Amino acid sequence: MVDDVEGTGHELYGALPNMTYVIDRGGKVLFRSDWTDPPTIEKVLDYILDARKQRREGLRMAPFYAEMVGYRWSDLAKHHEVLEKAGPQALSDWENSQKRGAQQPPRPGRIQI
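The working numbering numbers the first residue of the sequence shown as 490 and each following residue consecutively.
It should be emphasised that the hints constitute simulated quantities derived from the structure, not laboratory data.
Predicted, not measured: the structure shown is a model, and the values here were computed from it.
Here a beta-carbon is modelled for each residue, glycine too, at the ideal position from N, C-alpha and C.
Keep in mind that a hint or two might mislead.
Simulated pairs of lysine-lysine, DSSO-like, Cα-Cα distance not exceeding 30 Å [to be verified]:
id	residue 1	residue 2
1	Lys-532	Lys-542
2	Lys-574	Lys-542
3	Lys-567	Lys-532
4	Lys-542	Lys-567
5	Lys-517	Lys-532
6	Lys-588	Lys-574
Just the calculated beta-carbon pair ranges, DEER-fashion [what the hints assert, rightly or not]:
id	residue 1	residue 2	range
7	Gly-503	Ala-555	13 to 21 Å
8	Pro-594	Glu-531	47 to 55 Å
9	Asn-585	Asp-535	22 to 30 Å
10	Ile-512	Arg-545	19 to 27 Å
11	Gly-547	Gly-598	17 to 25 Å
12	Ala-551	Ala-504	30 to 38 Å
13	Gln-592	Glu-531	28 to 36 Å
14	Lys-588	Arg-545	45 to 53 Å
15	Lys-542	Val-518	14 to 22 Å
16	Ala-551	Lys-588	23 to 31 Å
17	Arg-549	Pro-577	49 to 57 Å
18	Glu-573	Pro-552	39 to 47 Å
19	Asn-585	Gly-559	17 to 25 Å
20	Glu-531	Gln-587	22 to 30 Å
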């Protein structure tokens, strides 16, 4: 999917500044991440392709839902530098997402970071 400049698709799936979705041809979300992390995406794509290969080979497989906490390198100074280069809207979006996240109470049954 390619989003428009206004971020219509981005807002439809979630308003965090750097989310990733893997969506199949039928529109089913196969993977969702609050942060784009290339090594994680590579592992997910390999996992999906392997599962599809096994199904083609005749292995009966059933889907299940899973969650995990991922870890990424974090350099807040560099992050702000990139946001400033991206422009005032990027910085404002990030600051607003931080405020929204701080205001949300923990949700029962969800992984807590």
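Going through the hints against the structure:
1. Lys-532 / Lys-542: Roughly 15 Å between the alpha carbons, so the hint for Lys-532 and Lys-542 holds.
2. Lys-574 / Lys-542: violated (42 Å)
3. Lys-567 / Lys-532: holds (26 Å)
4. Lys-542 / Lys-567: violated (40 Å)
5. Lys-517 / Lys-532: Distance ~19 Å between Lys-517 and Lys-532 Cα, so the pair holds.
6. Lys-588 / Lys-574: holds (21 Å)
7. Gly-503 / Ala-555: 13 to 21 Å: holds (18 Å)
8. Pro-594 / Glu-531: 47 to 55 Å: Since the Cβ atoms of Pro-594 and Glu-531 sit about 34 Å apart, the hinted range of 47 to 55 Å is violated.
9. Asn-585 / Asp-535: 22 to 30 Å: The hinted range 22 to 30 Å is violated for Asn-585 and Asp-535, with Cβ atoms some 34 Å apart.
10. Ile-512 / Arg-545: 19 to 27 Å: holds (20 Å)
11. Gly-547 / Gly-598: 17 to 25 Å: Given range 17 to 25 Å: violated, Cβ gap about 35 Å.
12. Ala-551 / Ala-504: 30 to 38 Å: holds (32 Å)
13. Gln-592 / Glu-531: 28 to 36 Å: At 33 Å between Cβs, range holds.
14. Lys-588 / Arg-545: 45 to 53 Å: The hinted range 45 to 53 Å holds for Lys-588 and Arg-545, with Cβ atoms some 47 Å apart.
15. Lys-542 / Val-518: 14 to 22 Å: holds (21 Å)
16. Ala-551 / Lys-588: 23 to 31 Å: With Cβ atoms ~40 Å apart, the hint is violated.
17. Arg-549 / Pro-577: 49 to 57 Å: holds (53 Å)
18. Glu-573 / Pro-552: 39 to 47 Å: holds (42 Å)
19. Asn-585 / Gly-559: 17 to 25 Å: Given a distance of about 23 Å, which is inside 17 to 25 Å, the answer is holds.
20. Glu-531 / Gln-587: 22 to 30 Å: holds (28 Å)
Consistency with the previously given hints fails for numbers 2, 4, 8, 9, 11, 16, ordered from lowest to highest.
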